[in-house]
Amino acid sequence: MSGCNHRRFVANSLVFLMISTVLMAGCTSISVAKPRATLTAYPNEITSGEAVNLDARESTTSEGVITGFAWDFGDGNMTETLVGFTSHVYNSPGKYSITVTVTNSEGGSDSSTTDIFVNGIPVIVLDLPLLVKAGESVLIDASSSYDPEGGQLQYEWDSNLSKDSNGNGNPVDDIDFTNSSITLPTTESGLLTGRLKIIDDVGASVTKDWEIDVNTRDFEVRWVKRIREYTWSGNLKTGEEWNSSHIPSVEGILSSISAKLILTQDGNPLGDENFTLSLEVPNDSWAADAETSRQTPSDNAEAIISREDLNNIPNGTQIYSSDSKDILMNILFDDSSIFGTGDWVWEVYSRGLDSGLPFDFPDGIDPGNDWTLEITFEVYEPVIVELAYFVI
22 MSGCNHRRFV ANSLVFLMIS TVLMAGCTSI SVAKPRATLT AYPNEITSGE AVNLDAREST
82 TSEGVITGFA WDFGDGNMTE TLVGFTSHVY NSPGKYSITV TVTNSEGGSD SSTTDIFVNG
142 IPVIVLDLPL LVKAGESVLI DASSSYDPEG GQLQYEWDSN LSKDSNGNGN PVDDIDFTNS
202 SITLPTTESG LLTGRLKIID DVGASVTKDW EIDVNTRDFE VRWVKRIREY TWSGNLKTGE
262 EWNSSHIPSV EGILSSISAK LILTQDGNPL GDENFTLSLE VPNDSWAADA ETSRQTPSDN
322 AEAIISREDL NNIPNGTQIY SSDSKDILMN ILFDDSSIFG TGDWVWEVYS RGLDSGLPFD
382 FPDGIDPGND WTLEITFEVY EPVIVELAYF VI
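Add 21 to the 1-based position in the sequence shown for the numbering used here, that's all there is to it.
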């Protein structure tokens, strides 16, 4: 080969090598096929504590196959799945951005993002009384309850879980009140149970059951002696009678009775008027009679009925528990062994003159006689003092 041809060959070889180097260098930047990620969230508005469904199954890849899904829920929680579907529960309200990253077998990846809104459920703040005694009204206040988003609240109170007030057969779904606070009367001790449901302006709700223990009242009772006096008077002629009844044991326990019928000394020369004082206590089947007499001619004629120790009187003080003072009074006197309860029936009867003559006096001669009946009862009445409660 001549020298000239040799030089052209070398030059051409160098050019080929340079072009080949350039072409080979371009072949090192090979493109990787990516998948196309899609993401759908439903529902996109939920309430805290509820789950949102996340669907990336419409994601595709032009080459290879999809090998995994990486989920970022936007609340600090992440997970990976082999399928394009999952769900997630949000416990705190707010707006969240959810991202799914899809990877294929060629090493390519793509991401898609969607937003959801988590509504906060209302927060119940219930103010219950520390101590309730029978007969008091109970204030239950939920007015400090709130919606995290500041929405309007709706209140539904079932004030008695043992009573079916709407008559549908279910005692725990009644709506008795719709205010933010309620006041309930109490008539007896025991447990009050109820339920409050609060609903926000988008329909999210929360329910809270409550109970209140209604306490009995404690009373100290001591018995104090009292004197009860009754007086009646009138005028009776021979064969006439007077009757009356009364209840001396009202709110008291009888201890003794002293009754005196007094005839006014009228100076009738024909003789003494003869009267009879009679008593009957039907509830205890007790009756007594006494006839008038006088010790000296100058004395007024009298008839006396008396009896001591009618009942055993409690000593000292006792402590009772009761829902009210009125109920306690019924307890104190609801005892069949207490003597003298009910009506006491009195009768004053004029048997006529005692002249000693063997004939009766004609009509019109008997002027009758004035009389006075004086009755004294010794009664023990209860002094009732309610004992105070101390809340610790």
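Please keep in mind that the hints were generated in silico from the structure rather than gathered at the bench. Misleading hints may appear alongside valid ones.
Result set (DSS-like, lysine-lysine): computed pairs, CA atoms no more than 30 Å apart in a straight line [as the list claims (entries may be wrong)]: (1) 229 x 218; (2) 218 x 246; (3) 229 x 116; (4) 154 x 218.
Beta-carbon label-pair distances, calculated as ranges [as the list claims (entries may be wrong)]: (5) 230 x 86: 49 to 57 Å; (6) 71 x 211: 19 to 27 Å; (7) 254 x 407: 38 to 46 Å; (8) 234 x 279: 48 to 56 Å.
Predicted, not measured: the structure shown is a model, and the values here were computed from it. Where is the CB? At the ideal position from N, CA and C, for every residue including glycine.
(message) Between the alpha carbons of residue 229 and residue 116, is the straight-line distance 30 Å or under?
(response) With Cα atoms ~27 Å apart, residue 229 and residue 116 stay inside 30 Å; holds.
(message) Hinted pair, alpha-carbon criterion (30 Å max): residue 218, residue 246. Please report holds or violated.
(response) 57 Å, violated
(message) So if I understand the rule, the pair passes when the alpha-carbon distance is 30 Å or less; does residue 229 with residue 218 pass?
(response) Holds, because 7 Å separates the two Cα atoms, which is no more than 30 Å.
(request) Starting from the range 38 to 46 Å, see whether the pair residue 254 and residue 407 falls in it by beta-carbon distance. (result) 42 Å, holds
(message) So if I understand the rule, the pair passes when the alpha-carbon distance is 30 Å or less; does residue 154 with residue 218 pass?
(response) 26 Å, holds
(message) Holds or violated: the 48 to 56 Å window for the beta-carbon distance between residue 234 and residue 279?
(response) The hint (48 to 56 Å, Cβ to Cβ) holds, given that residue 234 and residue 279 are roughly 50 Å apart.
(message) Given a hint of 49 to 57 Å, does the C-beta separation of residue 230 and residue 86 actually sit inside it?
(response) Given range 49 to 57 Å: holds, Cβ gap about 53 Å.
(request) For the range 19 to 27 Å, tell me whether the beta carbons of residue 71 and residue 211 fit it or not. (result) 38 Å, violated
The earlier numbered hints that this structure contradicts are 2 and 6.
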